[in-house]
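For this one, chain G is given, so just place chain W on it according to the hints.
Here the protein sequences come in this chain order: G and W.
The first sequence begins at 1 in UniProt numbering and counts up one residue at a time.
The second sequence begins at 1 in UniProt numbering and counts up one residue at a time.
Bear in mind the hints are in silico, worked out from the structure with no lab data behind them.
In this text, all values refer to a predicted model and were calculated from it rather than measured experimentally.
Virtual Cβ for every residue (Gly too), placed ideally from N, Cα, C.
A hint or two may mislead.
Covered, in the sense of this in silico footprint (three residues per stretch, anywhere, with C-beta under 8 Å from a C-beta of chain W), are these stretches of chain G [to be verified]:
no., segment
1, 101 to 108
2, 358 to 366
3, 404 to 411
Where chain G lies over chain W, by a calculated footprint (3+ residues, C-beta under 8 Å) [claimed, not checked]:
no., segment
4, 15 to 27
5, 234 to 246
6, 356 to 370
7, 373 to 387
8, 397 to 407
Number of protein chains: 2
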Amino acid sequence: MKTLISVEQQAIAAKKAAKTLSLLSETDKNDALNTLADYIEKNVERIIEANEEDLQKGKEKGYDEAYMDRLALSESRVFALAKGLRDVAELEDPTGDILSEWTLENGLQVQQVRVPLGVIGMIYEARPNVTADAAGLALKSGNAIVLKGGSSSISSNRAIVEVLHEALRKTKIPAEAVQFIDSTDRAAAQQLFTMKEHIDVLIPRGGAKLISAVVSNATVPVLETGTGNCHIYVDEEADVEKALNIIVNAKTDRPAVCNAAETVILHENWLKKHSSALAESFAAHSITVHGDEKAAVYLPDVIPANEQDWSDEFLSLDIAVKVVCTLKEALEHIERYGTKHSEAIITENKRTAMQFMALADAAALYHNASTRFTDGSALGFGAEIGISTQKLHARGPMGLPALTTVKYLMHGTGQIR
Amino acid sequence: MKTLISVEQQAIAAKKAAKTLSLLSETDKNDALNTLADYIEKNVERIIEANEEDLQKGKEKGYDEAYMDRLALSESRVFALAKGLRDVAELEDPTGDILSEWTLENGLQVQQVRVPLGVIGMIYEARPNVTADAAGLALKSGNAIVLKGGSSSISSNRAIVEVLHEALRKTKIPAEAVQFIDSTDRAAAQQLFTMKEHIDVLIPRGGAKLISAVVSNATVPVLETGTGNCHIYVDEEADVEKALNIIVNAKTDRPAVCNAAETVILHENWLKKHSSALAESFAAHSITVHGDEKAAVYLPDVIPANEQDWSDEFLSLDIAVKVVCTLKEALEHIERYGTKHSEAIITENKRTAMQFMALADAAALYHNASTRFTDGSALGFGAEIGISTQKLHARGPMGLPALTTVKYLMHGTGQIR
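Just chain G, with the same shape it has in the complex (with noise of 0.2 Å):
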């Protein structure tokens, strides 16, 4: 109980340093973004050795090394937090801009002006770089934000949010505006998804059953990031050396990440033709191959796909292949398995390209290109609080605006209707 209550009351601080917040010049926002980073570069040992007790636990626990990669924090990855929230001081506050402006016939002046959401409750998983990443994007844009990371994080998460916190007292930032929920009480975490009154917006961050928890049980409304089961449609009219290249490409160059490809789907006349070209590309590059029956028919070593492999990302070097022989087949298999992530289609026929890119439900839409570009750095948003696989307040990669809202401010002279 007596963590519930101090999460309530958590919420509650950072609410009211969200007001403070609020009225700080972009200027204050930067110099202490900036302080904060001096603080973490300062504070190198300390975080990396709270962070050997979270490996030396996930040691013990048998965590696998995947898992562990997302947990550790070397001195270059702490150096990389800093240089983030420097980063972050260099975008632009998307704060207090006008976004149209009318007067009415009798006066009435209407402004939609752009404002902070106000508190923001960040849920997450292994990686401890989100607790710095995220707060530098919340107080940028002038929100609060209540950190609750994983437990097995918990140390490092921890020690990092203890110097942003001794940064934040020599700033105009209230150091409340950064709370950290230190508790591995999963009950901690779900109290935050019911408290309306003080939180504004829930972020997940993680895997699929974490971001459908909160999605499930939340009433404070959620900005689900999402999975990325995304597909690559090889079209009868796709040139072989583009095809090959972005299927190796989307597969293998970090196949542990969202935008990864996870299914190529293959039209029966082109793969007809490429058969031991592509054979080729996925053994030169140890891709193991989950196909369909057909798939087997014109590849060798098609381990036969099940449910659960046109369902779910593999995050490995494993894909599956499905065989179509139309366009409209390969749209309803990305109805029914994709995430709304990312899908390409492979084809130089360009009305065929655009009837894809118009009936594909996704986030992003590629065309000859590798579905790796769906990130807010490539594409050159400067950082992101996550990708947004859902269809409401921002889709595909969030940048600062995403964690804003609007107001419509009115300024009269006694006008009355």
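Quick look at chain W alone, frame taken from chain G:
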């Protein structure tokens, strides 16, 4: 069970129709909307007859006058439905707009394009006009819609949808793009709450109870249209004439709507000077005052205000009156009881007004004007699907752009990362 299965089938049919609809030109959509208007006009009698069934049942159930008025469709009201559809045809189609475009260094062309949301689930109460209004706005913005109206207006809603379907069959929009859940079963509405596969957004319109049921139980994202517990803060430096005019207008012009004022917060120094003028205004407009202890010191006939008087909408000629000594106290009261809809300050001090507008958290903030302007048609949006009191996606009166999302379209020549 039969109903439940058919609701899902209706949602699937809507999703399919949405694809066809999303490819239509603006002219095709406008032609269709004008055809819908023609058919509504040709079928006035049929719609009014169906409405009489609802009114008869409503009378038997003993609904109050205000409710019966919301339910009733006169000839002029039906013609207004047709006019509404023609007005929507005149509005600019937001879909297809390129919101931004740029080219990456590697030559990849990036476009952020506005597209329809897909399928809208509309859950509403007594007013049968919502059936035609919501369908018109959805279709114009390229969306299919699943309508679930209140059981008290089911005959009217059914007749309107029958007419819309007959009309749609003469247009390029598939009739399946408008789905009507012909059931008074609550489970039918509830099934929409979690149909994430087929429904892209839920818009509840009605009382606080309906909206809270949707928000609490839906996993489909919700556009929350809200109740308005709107406050008018009369500052120490308020002009007496402006203050009285605005209070009377915001309270009495249409007491039952969400942008009507429910509470006046008075600075004690102002009240001291102007208590008799205020009391006269209240009396002249038959306004009943529910006040705190201080209000009772300065004003006659004050009913002691209870917690509910502060927190709920009266939707009548009742008003709550709170007396404060500072702006801070006023803001705290609004923070505690406000519904983030519309809040006003009356003052001749610009600095105080700016502070109020920066710190009060609501969709619309007014300086020296009535809260009654928070309305799509008053602000010149042409039509609105509701007034959002949430902060994500859309805030304040929601016109056609609120029914859209974006897609990133990436045009490449083989780019990989």
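Cross-check of the supplied hints:
1. Figure legend: the segment 101 to 108 of chain G, annotated as covered by chain W; annotation consistent (3 residues with Cβ-Cβ distances under 8 Å, at least 3 required).
2. Note: the segment 358 to 366 of chain G has 8 residues with beta-carbon separation from chain W under 8 Å; the three-residue rule is met and the coverage holds.
3. Three residues within the 8 Å Cβ limit are the bar, and the segment 404 to 411 of chain G against chain W gives 7, so the coverage statement holds.
4. Coverage of a stretch by a chain is defined here by at least three residues with a beta carbon nearer than 8 Å to that chain's beta carbons; for the segment 15 to 27 of chain W and chain G the count is 3, and the condition holds.
5. Counting residues of the segment 234 to 246 of chain W whose CB lies closer than 8 Å to any CB of chain G gives 5, which reaches the minimum of 3, so the coverage claim holds.
6. Residues of the segment 356 to 370 of chain W with a Cβ under 8 Å from some Cβ of chain G number 13, which satisfies the need for three, so the listed coverage holds.
7. Chain G is given as covering the segment 373 to 387 of chain W, and this holds because 5 residues of the stretch bring a CB closer than 8 Å to a CB of that chain, at least three being needed.
8. Here the segment 397 to 407 of chain W counts 3 residues with a CB under 8 Å from a CB of chain G, which clears the bar of 3, and the coverage holds.
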